[in-house]
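Peer 1: Given the coordinates of chain A, work out where chain B should sit on it, guided by the hints.
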Amino acid sequence: AQSVTQPDIHITVSEGASLELRCNYSYGATPYLFWYVQSPGQGLQLLLKYFSGDTLVQGIKGFEAEFKRSQSSFNLRKPSVHWSDAAEYFCAVGVSGNTGKLIFGQGTTLQVKP
Amino acid sequence: DVKVTQSSRYLVKRTGEKVFLECVQDMDHENMFWYRQDPGLGLRLIYFSYDVKMKEKGDIPEGYSVSREKKERFSLILESASTNQTSMYLCASRPGSWAQHFGDGTRLSIL
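Chains as they are written, first to last, in this note's numbering: chain A, 289 to 402; chain B, 204 to 314.
For reference, chain A alone in the conformation it holds in the complex (with noise of 0.2 Å):
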């Protein structure tokens, strides 16, 4: 059965500093891949989607992700964190059909300190 994990629950990293949420999911086929955002109070933000091509794929807000099938993983980078991007963080796997139907991670909620 498809799966998501997101080994992290909580990061808490200093504005500035680098950040990298780990992502692996459990799929058979070659999965399509996306990290969501959601900030207090909100719904969820697309970040970013992989579904071919290069593995190395650029979204809004500065971040990115690198998708690695030999590791089944699918890590949300950003090379330096703004305090605004404390919020929450789903990594998904899109299910094969056409239903368009996504499987997510648990979620891991960024704090930055100042």
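It should be emphasised that the hints constitute simulated quantities derived from the structure, not laboratory data.
Note that the Cβ used here is the ideal one computed from N, Cα and C, for glycine as well.
A few of these clues could be false.
[What the hints assert, rightly or not] No farther apart than 25 Å at their CA atoms in a straight line, the calculated lysine-lysine pairs in the DSS-like style are these: (1) B/256 - A/349; (2) A/401 - A/356; (3) B/256 - A/337.
[Stated by the list, open to error] Distance windows between CB atoms, simulated: (4) B/264 - A/365: 33 to 41 Å; (5) A/344 - B/241: 26 to 34 Å; (6) B/217 - A/303: 18 to 26 Å; (7) A/365 - B/310: 26 to 34 Å; (8) A/359 - B/219: 44 to 52 Å.
Peer 2: Below, chain B alone, put in the same frame as chain A:
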């Protein structure tokens, strides 16, 4: 920009009530989804719809039903609300591509 609108940001209801959560999208999307979000569990799919009057159960459909009479509107119904249905409910819609667009959520409390 795609807009997915959920009718209420906060809702308080009583045990046993029939509760309706409404979601409207303005982009003629075929697919619409209802999730519930609980701390430590991420988002779990309740129901989705791939066309008017068409629906499929997600991973946790028990205690819920849905209605899609018009393409732009997808309603989630709690037939007889219970306290374990207190949660954040998120609606999403999807165009032909894979990425889903989310509303701001409804925080529902069942007393």
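Peer 1: The structure should be examined with respect to each hint, and the outcome stated for every one.
Peer 2: Cross-check of the supplied hints:
no.	hint	in the structure
1	B/256 - A/349	violated (38 Å)
2	A/401 - A/356	violated (30 Å)
3	B/256 - A/337	violated (30 Å)
4	B/264 - A/365: 33 to 41 Å	holds (36 Å)
5	A/344 - B/241: 26 to 34 Å	holds (33 Å)
6	B/217 - A/303: 18 to 26 Å	violated (45 Å)
7	A/365 - B/310: 26 to 34 Å	holds (31 Å)
8	A/359 - B/219: 44 to 52 Å	holds (49 Å)
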